[in-house]
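A.B. asks: For the record, the sequence lines run as chains A and B.
So for the first sequence, UniProt numbering puts the first residue at 1; every next one is plus one.
So for the second sequence, UniProt numbering puts the first residue at 1; every next one is plus one.
Hints are computed from structural coordinates only; laboratory data are not their basis.
There could be a bad hint or two in this list.
In the DSSO-like style, the derived pairs of lysine-lysine whose C-alpha atoms are separated by at most 30 Å in a straight line are [to be verified]:
| hint | chain 1 | residue 1 | chain 2 | residue 2 |
| --- | --- | --- | --- | --- |
| 1 | B | 128 | B | 153 |
| 2 | B | 132 | A | 182 |
| 3 | B | 132 | A | 285 |
| 4 | B | 132 | B | 153 |
| 5 | A | 205 | A | 115 |
| 6 | B | 213 | A | 182 |
Here are a few chain B residues that sit away from chain A, every Cβ distance over 12 Å (derived from the structure) [claimed, not checked]:
| hint | residue |
| --- | --- |
| 7 | 26 |
| 8 | 36 |
| 9 | 201 |
| 10 | 227 |
| 11 | 229 |
Some chain B residues well away from chain A (every beta-carbon gap over 10 Å; in silico) [what the hints assert, rightly or not]:
| hint | residue |
| --- | --- |
| 12 | 8 |
| 13 | 117 |
| 14 | 194 |
Positions of the beta carbon are idealized from the N, C-alpha and C atoms, including for glycine.
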Amino acid sequence: MVQFVVDVLIRAVDLALIAIGLSSVYSLIRFPNVALVQYATTGALLALGLQMAGLPLVVAAIVACALVGIIAVVLNVVVFERLLRAGSAIAMIGSLALSMVFSAIFLVTAGPRPKRFELEINPPLRFLGARLTEHQLISVGISVLAIAVFALILFRTDLGRCMRATATNSVLASATGIDTRKVTNTVVFLSGVMAGLGGIGLSVKGEMSAQLGLDMLLPVFAAAIVGGLGNALGAAVGAVVIAAAETMVTNVNFGPLFGETVLFIPAAYATAASFLLLVVVLLIKPYGLFVAEVKRG
Amino acid sequence: MISVNNVRAGYGDGPDILQGINLNAAGGEIVTILGPNGCGKSTLLKCIAGFVRPRGGAVEMEGCDVSAVPVHDKIRHHLMGFVPQTDNVFSTLSVADNIMLGARYMPAAERNARYAELMAQYPSLASKQERKASALSGGERQILSLARALISKPRVLLLDEPSAGLSPMMMHEVFAAIAEIRDRTGMCIVTVEQNAFEALGVADRAYVLSLGKVAIEGRAADLLADPAMRHLYLGGKPPVVESRPPFAAVN
Chain A
1 MVQFVVDVLI RAVDLALIAI GLSSVYSLIR FPNVALVQYA TTGALLALGL QMAGLPLVVA
61 AIVACALVGI IAVVLNVVVF ERLLRAGSAI AMIGSLALSM VFSAIFLVTA GPRPKRFELE
121 INPPLRFLGA RLTEHQLISV GISVLAIAVF ALILFRTDLG RCMRATATNS VLASATGIDT
181 RKVTNTVVFL SGVMAGLGGI GLSVKGEMSA QLGLDMLLPV FAAAIVGGLG NALGAAVGAV
241 VIAAAETMVT NVNFGPLFGE TVLFIPAAYA TAASFLLLVV VLLIKPYGLF VAEVKRG
Chain B
1 MISVNNVRAG YGDGPDILQG INLNAAGGEI VTILGPNGCG KSTLLKCIAG FVRPRGGAVE
61 MEGCDVSAVP VHDKIRHHLM GFVPQTDNVF STLSVADNIM LGARYMPAAE RNARYAELMA
121 QYPSLASKQE RKASALSGGE RQILSLARAL ISKPRVLLLD EPSAGLSPMM MHEVFAAIAE
181 IRDRTGMCIV TVEQNAFEAL GVADRAYVLS LGKVAIEGRA ADLLADPAMR HLYLGGKPPV
241 VESRPPFAAV N
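This is chain A alone, in the form it adopts within the complex (with noise of 0.2 Å):
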């Protein structure tokens, strides 16, 4: 069970900050940006790539966050804000667009072949019984620690307020002297470097490939739905049901249910069962578990 609950943990972690990062942008600007997925990716190689160029792993995962965030702005400036004034829906498909053009740059600029970042290969910790390497253990912490710090900037400062006004009712929120602009391009930022802190998690714990951001899509999007979209602190909520419904179907041994030593559920239905479950979840609540505070952050 301990190990369950720690597989969960290290999977939710990283779906929570760019599902974070996803929410908060389209609480503030009603599209779902498909490139966010990217961004994660992009966070990934960038800092792999100032590793290999010799700078520590913090030092090269804070930078290549920074660039990733400065790269979101620059995107939703020249092209989202354009696109947006077609419409939401174009914004989106122009997201998946440039989602597109993300994936052929990685394949051309880091190949096909997975790649691993330079660590020293450490034996296991134990906690409770569960495993867990100190990679994961740091790479969690990280992640913990930077949601804590959203929710602090969410919540207790002014900043925060600007965020959840604007998110609320954009005219009014700049009829009470908010430029919600500016407020808006602060969010994309922490959204890029949230999104970059999680690709660089999820490759720290295990392979970084060019598919890296597709393979994150689909559940990332599961998470913030199921969150309700537009509430980054629900989409966190999101992240672990959906990291518990594929730790599930991965990780958990279903054999003495029915009578046998050995039952998995084969892993290609690890996807399935995420969305098996944001069906469920979506039937009964359709705009999300948490959609009240969506209206009224």
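Dock chain B against chain A, hints included.
C.D. replies: Relative to the frame of chain A, chain B by itself:
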């Protein structure tokens, strides 16, 4: 105070909704913009506020061209207060937080003093400071949105259909509050209204728009008395509204 000079405006690639509008409003007067649905009166107010940028012409405030000045800059420089038509309060925030959000860029001492003044002016809000805005009546919400706009002591106040969704009684109280603001502060107030008779009752001057152009302009009292104007643009006889004291006095 406000000068709209030959302004053309529209949305996206669509046609011009405003087709060469001229309008003036001075300090200490209420100017109301009237007209049938789709005539462009809300677009004109949004153009004056800065939510819609003119395609041609200019909007001036205090002699400066502010056509390209963002809304939040005008608010922060105490030039303008704006009350949107609907959803004009943050429902989950308290009355106090709604008002203070409009003053977050002001020095704390000035902000607190101004807040205290507003609470004295609007006792109905003072008794509900910690209550969520969603718990207020329609009229109280409108007064709250006025208080939020007024906390920065703007020189111009723009109101988009302040009577929308209100009962006749509440409508009368809100208009009385608007007139009281003009009389007390000498502020320049521009309102867009559907309820023409009620608006003309407190306005000093009015502009009646038709198909994106100014069809009639003049003193509110003259327009009210003009049978042709009433027939064409105001929909016949005025409704009978019970006379009541101003909102602040009621509370």
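A.B. asks: Could you run down the list of hints and mark each one as holding or not?
C.D. replies: Now the hints, each set against the structure:
For the proposed pair residue 128(B) and residue 153(B), the alpha carbon gap of about 22 Å is at most 30 Å, so the pair holds. As the CA atoms of residue 132(B) and residue 182(A) are separated by approximately 28 Å, the hinted pair is consistent with the 30 Å bound. Taken as a hint, the residue 132(B) and residue 285(A) pair is honoured in the structure, with Cα atoms around 26 Å apart against an allowance of 30 Å. Restraint check: the Cα-Cα separation between residue 132(B) and residue 153(B) comes to about 24 Å, which is no more than 30 Å; the hinted pair holds.
Between residue 205(A) and residue 115(A) the alpha-carbon distance is near 12 Å, which keeps this suggested pair within the 30 Å criterion. A distance of roughly 35 Å separates the Cα atoms of residue 213(B) and residue 182(A); the hinted pair therefore is violated under the 30 Å criterion. No beta-carbon of chain A is positioned within 12 Å of the beta-carbon of residue 26(B); the least distance is around 23 Å. The claim that residue 36(B) is not at the interface with chain A holds, since no C-beta of that chain comes within 12 Å of its own (minimum 23 Å).
The claim that residue 201(B) is not at the interface with chain A holds, since no C-beta of that chain comes within 12 Å of its own (minimum 26 Å). Every C-beta of chain A lies more than 12 Å from that of residue 227(B), the closest at about 38 Å, which supports listing it as non-interface. At the 12 Å boundary, the C-beta of residue 229(B) stays outside the reach of chain A, the nearest C-beta of that chain being 32 Å off. The claim that residue 8(B) lies off the interface holds: its Cβ sits roughly 19 Å from the closest Cβ of chain A, which is beyond the 10 Å cut-off.
No Cβ of chain A comes within 10 Å of the Cβ of residue 117(B); the nearest lies about 18 Å off, and the non-interface call holds. Annotated as non-interface, residue 194(B) keeps its C-beta farther than 10 Å from every C-beta of chain A; the closest such distance is 19 Å.
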